[in-house]
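Going down the list, the protein sequences come from chains E and D.
The first sequence maps to residues 1 to 259 in our numbering.
The second sequence maps to residues 1 to 287 in our numbering.
Bear in mind the hints are in silico, worked out from the structure with no lab data behind them.
Given the structure is predicted, the values throughout are model-derived calculations rather than measurements.
A few of these clues could be false.
Claimed, not checked - Below, in silico cross-link-like pairs of lysine-lysine (DSS-like), each with a Cα-Cα straight-line distance of 27 Å or less:
| # | chain 1 | residue 1 | chain 2 | residue 2 |
| --- | --- | --- | --- | --- |
| 1 | E | K257 | D | K103 |
| 2 | D | K235 | D | K131 |
| 3 | D | K103 | E | K2 |
| 4 | E | K226 | D | K131 |
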Amino acid sequence: MKRLLSLHAWLVFAFLYLPIVVIVALSFNQSRFGVRFTGFTFDWYLRLFSNERILEYLTNTLIVAVVSTLVSTILGTLLAVGLVRYRFRWQSALRYLLYVPVVVPDVVMGISLLLLFDVVRDAIGWPRLSLFTIILAHISFQISYVTLVVRARLMLLDPVLEEAAQDLGATPWRTFREVTLPLIMPGVISGALLAFSLSLDDFVVTFFTAGPGSTTLPLYIYSSVKLGISPEIHALSTLLVGTTILVLLLGNLFWRKRA
Amino acid sequence: MPEAVNPRQHLRRLLVTVGPGALWLVVFVFIPTLIVFVASLMSRGSLGQLVPPLGLHNYIRFFSDPLFIEIIGRSLVIGFWSTLFVVLLGYPLAFYIARSRYKETLLLLVVIPFFTNFLIRIYAWIVVFQKEGLVNGLIVAFGLPPAELLPSTLAVYVATVYTYLPFFVLPLYAAVERIDWSQLEAAYDLGAKPVRAFWEAIFPQTIPGLFAGFLLVFIPAVGTFVIADLLGGGKITLIGNLIQLQFGSAQNWAFGSAASMVLMAMVLLGLWLYARTQGEKGLDRLV
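Throw the hints in and build the complete structure from the sequences for me.
And the structure:
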């Protein structure tokens, strides 16, 4: 039974890694087509780096991810604090609204924001679809994830600590800054990292809210894949997979050291 | 917070903490949903824009045309079977990881594909399934004629299962970690055989994680348009593809909005059933 379970696990891992290994191997393959390995080359990487537009798409992707993560982390953290610490009218309605971006299919999220931007633009001539609208859209789904992650951390917190600070005469702001925030910081960082990777990865919502001149890396990969496969995309994919693995390993190391 | 705060202070604190986030959610989540609903009642203008008259005509068109009913059916069928395969692959895997000495490393191995860009994961399967790809290489090596695997329903299934497998394994792993194994010993002490002991002592403890994981896979699998678009070659239309088409080349935003409302209603129905069995706590498990 145990051996069956382990055989199953390794087959699933093989399934998970087979396509990734194929892409990495082909990115170093001389032949442009097929899977026969005809020789080792760095050519596709050189071609990729000489493509200046890629750099522009990468910059766009990072601008969107950094700005949207900053805004959503601040808004989400405050929202989590308010939801856990205070009781107010419409609270449960707000909680349900918070789940909407998490559970609604991204295509619906994308078209609803497209419609919103269109309706507002018809009325006041602004905003046109650009990096700005992509950022607004990304914040709209990130905020839920940040709030839920930070809220989970807050609920583990002992309210006595905050009460003690207040009894000692600290203002609410000072209590938040010097007691609450340091204690929930791991949750805030996890939320921010999740928000950042959701933004980097997002294709569907970006697809509906992007305009001319605001191509991001996922949009570029989509349009190239529509045209057919190419070794330059193998190379780009390999670099992105490599970055993912590196970031996850570093993150893992960091958390283990702290623990 | 101390009890003795006057209403004005309370209001000010609420405005500072909940205020900005709540306003954002209302403007960018609630109002857009209302706009989609209103748009679904409107008609298509000569340039594809939204115009009156208002009515239920888009919904009537949707539900009276067998083509669209078929699209809904296909989305549900592909979503259901993909999710079932994900469960078959992921359920034993979560147990294996939780019981392994190297669980942190194995967990990382599940997380890496999860954090790898979605489009790259789809793209990788195009490379594997293409005419001169790996699978056809194997088929030809066995002396058989190469198969037309792209576009195909098989490719859509494989990529859907592949894409959403980590979505299931992670919440289920969390459930397996919380299992109270002493119940298994109790079952053995009472003379239960291994299969029955597992079924009655362990399996029930994984049901919350199983439900959450199922929903986390099923909802995006039903709503996706990218997988069917890239691996089904436009031949396999799911509801997500229909919506994308209406907002894209078909230029019928009103009808696309109605299709979105139908998809949203299906999702909400699923969530409602889930919340009824799992309670509100269950919703937190979805993150």
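Here's how the hints hold up against the structure:
{"no.": "1", "hint": "K257(E) to K103(D)", "in the structure": "17 Å, holds"}
{"no.": "2", "hint": "K235(D) to K131(D)", "in the structure": "17 Å, holds"}
{"no.": "3", "hint": "K103(D) to K2(E)", "in the structure": "16 Å, holds"}
{"no.": "4", "hint": "K226(E) to K131(D)", "in the structure": "16 Å, holds"}
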